[in-house]
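Engineer: One letter stands for each residue in the lines below.
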Amino acid sequence: MAQALGAIALPLVAASLMPVLYRWLRWRLGLAAVAAAAATLVLVVLTPDISLVTPWVPQLGIDLSIHVDGWGRLFALLIAGIGTLVTLYSIPYLGSREDLGKFYAYLLFFMGAMLGVVYAGNLVLMYVFWELTSISSFLLIGFWNTRDDAQYGALKAIFITVSGGLAMLGGLVILGAVGGTLELSALLANRAALLEHPLTTAALVLMLIGAFTKSAQVPFHIWLPDAMAAPTPVSAYLHSATMVKAGLYLIGRLWPIFHAHPLWVPAVATVGMATMVVGSFLAVQKTDLKAVLALSTVSQLGLIMWLFGLGTPEGAQAAAFHLFNHSTFKALLFMVVGVVDHQTGTREIPLLSGLRRAMPVSAALAAVGAASMAGVPLFSGFLSKEMFLTAVSHSPLGLAGAVVATVASVLTTLYCLVLGHKIWFGEPHGTPEVPEEGTRTILAPPLILAAIIVLVGVFPGPAEVWIVNPAVSAVLQGPADLPHIALWHGFTPAVLMTALALGGGLVAYRALPAVLAAFQRVTPQRFHLNALFDFLWWKDQAVEKAARRITNRQMTGFLRDYFVYSLGGLILLFFGTMLAKGAGIPQLTLSRVGAWELLLVAVIAVGAVFTARATTRLAAVAAISLVGLPLSVLFALLRAPDLALTQVVVETITTVLLLLVFPHMRQITVYPRGGVKRYLNLLVATGVGALGTVVTLLANGARLFPPSVAEWYLRNSHELGGGDNVVNVILVDFRGFDTMGEITVLTVAGLAVYMLIRLRKQQQAGGGKG
Amino acid sequence: MVRARIEQNPIVRVVVHTALYGLKLLAIWILLRGHHEPGGGFIAGLLIAAVIAMQGVAFGTDAAQAIFPVPPQYLLGGGLLISFSTVLGPALLGGAFMEHSQGVIRLPLFGDVFWSTAVLFDIGVFLVVVGTMKTVLLTIAADPVRGRPAGTGEAADGRKKEVS
Numbered sequence: 000m001a002q003a004l005g006a007i008a009l010p011l012v013a014a015s016l017m018p019v020l021y022r023w024l025r026w027r028l029g030l031a032a033v034a035a036a037a038a039t040l041v042l043v044v045l046t047p048d049i050s051l052v053t054p055w056v057p058q059l060g061i062d063l064s065i066h067v068d069g070w071g072r073l074f075a076l077l078i079a080g081i082g083t084l085v086t087l088y089s090i091p092y093l094g095s096r097e098d099l100g101k102f103y104a105y106l107l108f109f110m111g112a113m114l115g116v117v118y119a120g121n122l123v124l125m126y127v128f129w130e131l132t133s134i135s136s137f138l139l140i141g142f143w144n145t146r147d148d149a150q151y152g153a154l155k156a157i158f159i160t161v162s163g164g165l166a167m168l169g170g171l172v173i174l175g176a177v178g179g180t181l182e183l184s185a186l187l188a189n190r191a192a193l194l195e196h197p198l199t200t201a202a203l204v205l206m207l208i209g210a211f212t213k214s215a216q217v218p219f220h221i222w223l224p225d226a227m228a229a230p231t232p233v234s235a236y237l238h239s240a241t242m243v244k245a246g247l248y249l250i251g252r253l254w255p256i257f258h259a260h261p262l263w264v265p266a267v268a269t270v271g272m273a274t275m276v277v278g279s280f281l282a283v284q285k286t287d288l289k290a291v292l293a294l295s296t297v298s299q300l301g302l303i304m305w306l307f308g309l310g311t312p313e314g315a316q317a318a319a320f321h322l323f324n325h326s327t328f329k330a331l332l333f334m335v336v337g338v339v340d341h342q343t344g345t346r347e348i349p350l351l352s353g354l355r356r357a358m359p360v361s362a363a364l365a366a367v368g369a370a371s372m373a374g375v376p377l378f379s380g381f382l383s384k385e386m387f388l389t390a391v392s393h394s395p396l397g398l399a400g401a402v403v404a405t406v407a408s409v410l411t412t413l414y415c416l417v418l419g420h421k422i423w424f425g426e427p428h429g430t431p432e433v434p435e436e437g438t439r440t441i442l443a444p445p446l447i448l449a450a451i452i453v454l455v456g457v458f459p460g461p462a463e464v465w466i467v468n469p470a471v472s473a474v475l476q477g478p479a480d481l482p483h484i485a486l487w488h489g490f491t492p493a494v495l496m497t498a499l500a501l502g503g504g505l506v507a508y509r510a511l512p513a514v515l516a517a518f519q520r521v522t523p524q525r526f527h528l529n530a531l532f533d534f535l536w537w538k539d540q541a542v543e544k545a546a547r548r549i550t551n552r553q554m555t556g557f558l559r560d561y562f563v564y565s566l567g568g569l570i571l572l573f574f575g576t577m578l579a580k581g582a583g584i585p586q587l588t589l590s591r592v593g594a595w596e597l598l599l600v601a602v603i604a605v606g607a608v609f610t611a612r613a614t615t616r617l618a619a620v621a622a623i624s625l626v627g628l629p630l631s632v633l634f635a636l637l638r639a640p641d642l643a644l645t646q647v648v649v650e651t652i653t654t655v656l657l658l659l660v661f662p663h664m665r666q667i668t669v670y671p672r673g674g675v676k677r678y679l680n681l682l683v684a685t686g687v688g689a690l691g692t693v694v695t696l697l698a699n700g701a702r703l704f705p706p707s708v709a710e711w712y713l714r715n716s717h718e719l720g721g722g723d724n725v726v727n728v729i730l731v732d733f734r735g736f737d738t739m740g741e742i743t744v745l746t747v748a749g750l751a752v753y754m755l756i757r758l759r760k761q762q763q764a765g766g767g768k769g
Numbered sequence: 000m001v002r003a004r005i006e007q008n009p010i011v012r013v014v015v016h017t018a019l020y021g022l023k024l025l026a027i028w029i030l031l032r033g034h035h036e037p038g039g040g041f042i043a044g045l046l047i048a049a050v051i052a053m054q055g056v057a058f059g060t061d062a063a064q065a066i067f068p069v070p071p072q073y074l075l076g077g078g079l080l081i082s083f084s085t086v087l088g089p090a091l092l093g094g095a096f097m098e099h100s101q102g103v104i105r106l107p108l109f110g111d112v113f114w115s116t117a118v119l120f121d122i123g124v125f126l127v128v129v130g131t132m133k134t135v136l137l138t139i140a141a142d143p144v145r146g147r148p149a150g151t152g153e154a155a156d157g158r159k160k161e162v163s
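Just so you know, the sequences run in chain order R and P.
Residue 636 in numbering that gives the first Met the number 0 sits at position 637 of the first sequence, with consecutive numbering throughout.
Residue 83 in numbering that gives the first Met the number 0 sits at position 84 of the second sequence, with consecutive numbering throughout.
It should be emphasised that the hints constitute simulated quantities derived from the structure, not laboratory data.
In this text, a Cβ means the ideal position worked out from N, Cα and C, and glycines have one as well.
Any given hint might turn out to be false.
Calculated pairs, DMTMM-like style, for lysine to aspartate or glutamate (alpha carbon to alpha carbon, straight line, at most 20 Å) [claimed, not checked]:
1. Lys760/R x Asp142/P
2. Lys23/P x Glu650/R
3. Lys23/P x Glu36/P
4. Lys421/R x Glu435/R
Taking beta-carbon pairs under 8 Å as the criterion, some of the chain P residues facing chain R (in silico) [stated by the list, open to error]:
5. His16
6. His35
7. Glu36
8. Leu45
9. Val128
10. Ile139
11. Asp142
Okay, chain R solo, but in the shape it has when bound:
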């Protein structure tokens, strides 16, 4: 338990210290970040399987609960393990010129948030961490925040992922309402009953939208290529190895509940399949190395999604294993591309050639990563890719699915050859900087990943036993007869498909220019999803324009109009509810009204009429004092000295304030007689008066808390509150929580006035208009 909590808390605490430590450590800050990440990795390794609930908001079923099982651990290992390597890699990559305090703070913040997602045992808690990963991703994509592409990429990513996150929240709430709990373990235990509820379909659809946006599935994949504006370590970490896998994490969590749902296979498998094909099709056409990697990530995420969509244990096992392999080889490839970019000054494929002579180690590393991604035997990707092909050929789609998978794999082989062969072989030609091998520190992290890829590829046993199968049994929620992961299963259809994919890729690579030209002809150039996004939120800003039009229509600049909106709404709601519920005024218990009270009320009424009829502001202020001061006398008569005192003081200060403000305002606009606005305002004013009267009478007649709240306060004020002034005891004790909120609001209001006026002064000083 302590390990799991520590693994979430340690990176978050370390993140908050980073900007402070940066002042002392300067470029050495990276070492501190590596230490924090490595310590987190140790904690993750030590975390046992647990399920633990600490009450947080028990009334709503929201608790700080931790649920660790094999599925969460697979992710936690990737998050902490690759996180450590990426942090190490970023030290030489970023050098000492960047704002490192900010960078490592965001990176560790992400690590803690992501661990929170995979360890959270309560759906709402998971949602909170889920959105924190979106926020840290936004901050990291926009790390070079003065660049246009960084701003665009960051905003696009947060628009799409947070919209999906909101959909997911809706799904979680429905699921919680249907299942009667928000606890993951309780929902999983109760899964058979859940599936029968009619609302489950809505919950499933909403949560799938959340998972698809986060994991960049078609048609939400468009944010991921633009997220490549982030520094390369971030791309390696968030946008290939971990954060984009959160959608798959959710899918794996939902698998036991929903895999038997009639919508599961069509929705998840179709989207996964489409994403795999579209991603690999687009990846081949890109000339920027990072764009190729981003779209290949889209494609590979689609592959894993498809596997989950099959709804079979075999598919889930292949998905878990490929997820692990993809994180390692894709992080490796990103790191190598980062080195290439760093050493040559460009990522454009046409400019890069023959780099293996200058950078032999990088070339070997890229070859390992590309071979694993393409599924070449003896590399880890081969095993999981073959499991993928086997699982797909067993699916109901049968031959058609196998053909689609093979075609997408041919395209995968093609871009793997570009990444692993094209830029390294051939004749070197000029790059912006003369290429030179990267330093040992920058090559060490990818080297470790390459070692893991080869080790797992040759001896898959340990990974299968310790990582993959515990994860799969957590997804399946029970032991299952899983196929053994082995290099050779005999002549299966998968062997043929692998051979076709590799061979087809090689043939296409031979004729690369012709293939690309053909692809370009069939790719839509004008009407695509990015154009739609730009139309709505970026270049044409259709959404923003529409919002501004509505706002300008409604915001007239007249306080009176705003009162009409809000008070008119209140009146409609109140009297509407009364009419709908058929409520009436109950039996009243009234005391006798004396002559003094009548006199005061008469004065107040006169004051009110004069205020409404005043044509200058000064007259209005004088008249309104005629309402306020007699009111305080009335309070005193009714034996409420606190209220009377407050009323007098408030009256005084209001008058002073109004006098201070008047010089800034123009004369009262008097609406013409007989105008619509005049009657509307009169109607609203009368309505508010009626509302106040009815509420008072209702409060007098209501006996909801027998014998009465007031009596309870009077009796218990001394004993429970320790004070004799009941009004004050209510303020500071019985209803003290309200007071706490009120003084916070008061503070915010005061600061807002200060800021608004100061802002106006600055604008005036700057020669702008107010």
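Start from chain R and add chain P according to the hints.
Structural biologist: Below, chain P without anything else, positioned relative to chain R:
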């Protein structure tokens, strides 16, 4: 300007000057007695605000600044801090959220003095009210009037504001 004329009025100045100390004492008295008799932090804060407003009218904003000579942001922050700590403190010490405690302490000169953490909470409320009112009053008073002099009703405000 109206304000300039009032500031030169000797009667206003003398009255305000005389009333000042009494009002301040009254505010503190009302603040501390609030738990048992009419009064409390909110009223006391408003009284100080009234004092600040009067001082500002009679002697100008600089003199008003000197009434509670702490920058308003410290009043706001400090007030919230005191109030919140009496709310969260008991919870952290193992009690209930916002559980107040009280008692009587014997002081050398004053005799038996009643104390309560609720009064501490009220002092926080008092500081926040003073801070807010001081901020609002002084920023508005210090804001130069645009356009023509006041009173002609032709100041340039009140135009339709466009959201941009």
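Engineer: Now tell me if each hint is right for this structure.
Structural biologist: Against the structure, the hints come out as follows:
1. Lys760/R x Asp142/P: holds (8 Å)
2. Lys23/P x Glu650/R: holds (18 Å)
3. Lys23/P x Glu36/P: With a Cα-Cα distance of about 18 Å, the restraint between Lys23/P and Glu36/P holds, given a limit of 20 Å.
4. Lys421/R x Glu435/R: Satisfied, since the Cα-Cα distance of roughly 18 Å is no more than 20 Å.
5. His16: With Cβ-Cβ at 17 Å, over 8 Å, it is violated.
6. His35: holds (4 Å)
7. Glu36: Holds - the Cβ of Glu36/P comes within 8 Å of chain R, reaching about 6 Å at its closest.
8. Leu45: holds (4 Å)
9. Val128: Holds: closest Cβ of chain R sits about 7 Å from Val128/P, inside 8 Å.
10. Ile139: Status holds, d = 5 Å.
11. Asp142: holds (5 Å)
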